[in-house]
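Engineer: Heads up: the protein sequence lines correspond to chains A and B, in order.
Under the numbering used here, think of the first position of the first sequence as 1, with each following residue one higher.
Under the numbering used here, think of the first position of the second sequence as 1001, with each following residue one higher.
Since the hints were derived computationally from the structure, they do not count as laboratory data.
The C-beta atom is built at its ideal place from N, Cα and C for all residues, glycine as well.
Once the Cα atoms are required to be at most 30 Å apart in a straight line, the calculated DSBU-like pairs of lysine-lysine come out as:
(1) 1190(B) with 1172(B)
(2) 1173(B) with 1245(B)
(3) 1190(B) with 1405(B)
(4) 1172(B) with 1211(B)
(5) 1190(B) with 1245(B)
(6) 91(A) with 70(A)
(7) 1190(B) with 1407(B)
(8) 1405(B) with 70(A)
(9) 91(A) with 64(A)
(10) 1421(B) with 70(A)
(11) 70(A) with 1407(B)
(12) 1190(B) with 1173(B)
(13) 64(A) with 1421(B)
(14) 1409(B) with 91(A)
(15) 1409(B) with 70(A)
(16) 1213(B) with 1245(B)
Over the 12 Å line for every Cβ pair with chain B, so calculated as not near, a few chain A residues:
(17) 56
(18) 57
(19) 58
(20) 59
(21) 60
(22) 61
(23) 63
(24) 64
(25) 65
(26) 67
(27) 68
(28) 99
(29) 102
One letter stands for each residue in the lines below.
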Amino acid sequence: MSFKAIPLRLLLPFGLLLAATQGAHAAPPAGRLLAAQCAQCHGTSGNGPGFDEVAGKSASELRKDLLEMKRRPVEGIMDRQARGYTDAQIKLIADYLAAHTSGSTN
Amino acid sequence: MHTFNRRRFLQAAGIASAAAALPRALGAATPARVVVVGGGFGGATVAKYLRLWGGGQVAVTLVEPNADHIACILSNLVLTGALSMDRISLGYNALKTNYGVAVIQARVTAINYGSGTGKGRVSLSNGRSLDYDHLVLSPGIDFIAPPDNPGAWDANVTPHAWQAGAQTLLLKKQLASMRDHDTFVMTVPKSPYRCPPGPYERACVVADYLKRKRLLFARVVVLDANAGIQAEPVAFGEAFNHIYKGMIEYIPDATVSSVISQTRSIITSAGSWSNVRVLNYIPNQRAAAIGPASSANRGWPLLNAQGFVPVDPLTYGVSGYPNIHVIGDACAVPATDGQAVPKSGHMANAEAKVCADAILRALNGQAPDTNIATSSACFSPITATTASWLSANFSYGNIYDAAGKVKGKGMQRVDLGEAPKISGDNYQDMFTWADGLFADSFI
Chain A
1 MSFKAIPLRL
11 LLPFGLLLAA
21 TQGAHAAPPA
31 GRLLAAQCAQ
41 CHGTSGNGPG
51 FDEVAGKSAS
61 ELRKDLLEMK
71 RRPVEGIMDR
81 QARGYTDAQI
91 KLIADYLAAH
101 TSGSTN
Chain B
1001 MHTFNRRRFL
1011 QAAGIASAAA
1021 ALPRALGAAT
1031 PARVVVVGGG
1041 FGGATVAKYL
1051 RLWGGGQVAV
1061 TLVEPNADHI
1071 ACILSNLVLT
1081 GALSMDRISL
1091 GYNALKTNYG
1101 VAVIQARVTA
1111 INYGSGTGKG
1121 RVSLSNGRSL
1131 DYDHLVLSPG
1141 IDFIAPPDNP
1151 GAWDANVTPH
1161 AWQAGAQTLL
1171 LKKQLASMRD
1181 HDTFVMTVPK
1191 SPYRCPPGPY
1201 ERACVVADYL
1211 KRKRLLFARV
1221 VVLDANAGIQ
1231 AEPVAFGEAF
1241 NHIYKGMIEY
1251 IPDATVSSVI
1261 SQTRSIITSA
1271 GSWSNVRVLN
1281 YIPNQRAAAI
1291 GPASSANRGW
1301 PLLNAQGFVP
1311 VDPLTYGVSG
1321 YPNIHVIGDA
1331 CAVPATDGQA
1341 VPKSGHMANA
1351 EAKVCADAIL
1361 RALNGQAPDT
1371 NIATSSACFS
1381 PITATTASWL
1391 SANFSYGNIY
1401 DAAGKVKGKG
1411 MQRVDLGEAP
1421 KISGDNYQDM
1431 FTWADGLFAD
1441 SFI
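Isolated chain B (complex conformation):
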């Protein structure tokens, strides 16, 4: 077969990477077709940068079921009423008009991964189908039901508000109903999950909201499935132990076994709570389904044990599936044990740029760049006027197992740190940061 021979030739020439890209005929007159599934920070950024850098070489179609993306970023401030939903609603018009991205509002119903040819087809809920030369999947996360009595959990009764929108508004309404001596119980999912500092930030802004309403005997219980605070341990430790002392109760190693939404009750390895005023159960997470629930692997070519899609750190390609790329929260980037690449909007934007560059190089028959870096930076409100920040940097190179032995190549964490102090300046910077990230991804 023609494509097979060409791939063999490229491998012999040392051009193809581990997750090989099959180049189109060099000098092709028609633009390469790239289909992007999912219009969050990853999908929007990859669509924008493919056109920004690739120009007429690529025709980019973004498929997204919603008319706008509601950012999780800053959504904890919508819960408390500090911001409106409009502030975190991001549309797709700029991608269309500034960059010529075609945007289709539809759901994916099936994906043909191309059986190794590197060319396949995406079928949509509106009856259309799209042929692609490269496919980028950026669908975000799904939630995993509690192991015992999973049918008793209903997110429309006990919201997670870990995808912003209707869930945010429901939790906002429930929070507003709290009276003195009431309890707000929330969970922190087992890592890896979307936005490592997010749950701790939520505990802080909820406690601050209750304090400002003078509900001084209301309580926030944080049930963490992990052994300790997963991000910004100094800032959140300060918040839990001092700023909100007596108001926030932090309980680590709390593994959830069941949730009964109708009675707002939760059973965990660290105790049970019943009939609480608000139960904000944030479930464990995995890559969002990309096909029908009945399909094998929920529609994915392959998944790791935690339910995320392993990718090549240079191309975000999937091993054995040429020209299929996965970015953002759904992917699992190879990293040193205990130093995972965080799942965040900022990181999804970073990965999108690496992926866009790799796709454009592949279309020109070039090997992916190896001098690559990704980063995440974010600000976390601690009170209504102060915030902290978190910064993490990754660089391509050797990665290590828990014993310190090289286990391969991946994104090695080269720096990690949090704000030296919680401050009002950080709170102001938070909006500058969010506006920058919103614009670089969507405008």
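Excised from the complex, chain A in its bound form:
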């Protein structure tokens, strides 16, 4: 179970995130920096290694999940992490992830 044995699942989604790279003079897509805070635990492209995949879900599904975690009593660590963002920030994150990631089954 060496860390180095983790498959390089980035190869496909790497291209997807690169697609989000902007040319000179253009501002980065809205929500990209906020959504990057999900990557520590859900993978650079939202599909691991890490906890539940956030890639490939719709914006409304992600938003609903995050708002539910933010408002329910704290059990898991995501119930706390979701409390760290305003509802408007959660919308930006959900919209970005839905538009710029896709499920690893693709």
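Chain B: place on chain A using the hints.
Structural biologist: Showing chain B alone in chain A's frame:
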């Protein structure tokens, strides 16, 4: 001067931030040169994300003296033999092959900060030098010797094991030598220090190790320089008062005055211990030196009273030094009094992304984003099969002094909490968390 006039124009236009970035000529054909010093979680992440988001707009060079980064994360489990060193060894090959980061194994010998021009040069131990358009410094921490008889402290005799690697293996060997009725004495540094829950976690896993070896009369003494437990007070309070009752002795307000490594002795304001079996003295900390020991400020443009580098929370820039950025444990982020941004690998990763985004915006002549958040999340083993967790979130906005008055803008802590209970599920989640963070930073 040309650059001065351009800066004045940008300030007049309201574009430049407090720690101003001087943009290169817009539409420059050659990539901007970014040099990153230090290949821990902060340095690796900023190098990766600059290339991930910036593509061909930036040429990124990472300078790091070691061939691999040995993570402090999970290193307390290497001490007890639960994990191998290989499990926490992180290489730089993926940064090179997946992202095209140039990695140079060398030490920095001198930095020219550019005298306000925003362009400078880093000199290396291999004789090379690197010109930069932006410089990101992420060197981690150094240790501060005890005030009295500092020469009597030798970390190669009494290891801190607060930088993982040879120190971890030395402490592991010493721990393995413990017999019944022996004492393991350790210290908790004065805050701020790297990984607030780390020392308490270490006390727990050491006590658990001794219990499992049936050394039931061995003792762990925790000498805390602070007034109380600095992180996860409920979980560690439960551990010290119940799980390891009679085995761990927790002593707050213990300020260390001297350490005599040869006799494994320590003198503190809360008492003295001599000839203990293991002395795990974890010293107070400050930003790692970035230049020769003889240089002013240990090579830093500026330092705060605690020895860390004050930064702009939007760019991690240093006031008065355009295009110089400091991230990770070495930096001091403006925050509300008593609600400091913790020094952790997870937080260094978070800061690296904010810094990378700000650098790319600056290269395009754009102001830094102000809708930013950073976070830290971590899992702490309490026994060989259970763990707790800690979660902290920060958002850009007003920050406050102790009296509740606004003192400026910074990263305001908007949420903080620990696991409602110590559990086996948390122990399993700890490895998922670590693998995610390792990969997002290094792969």
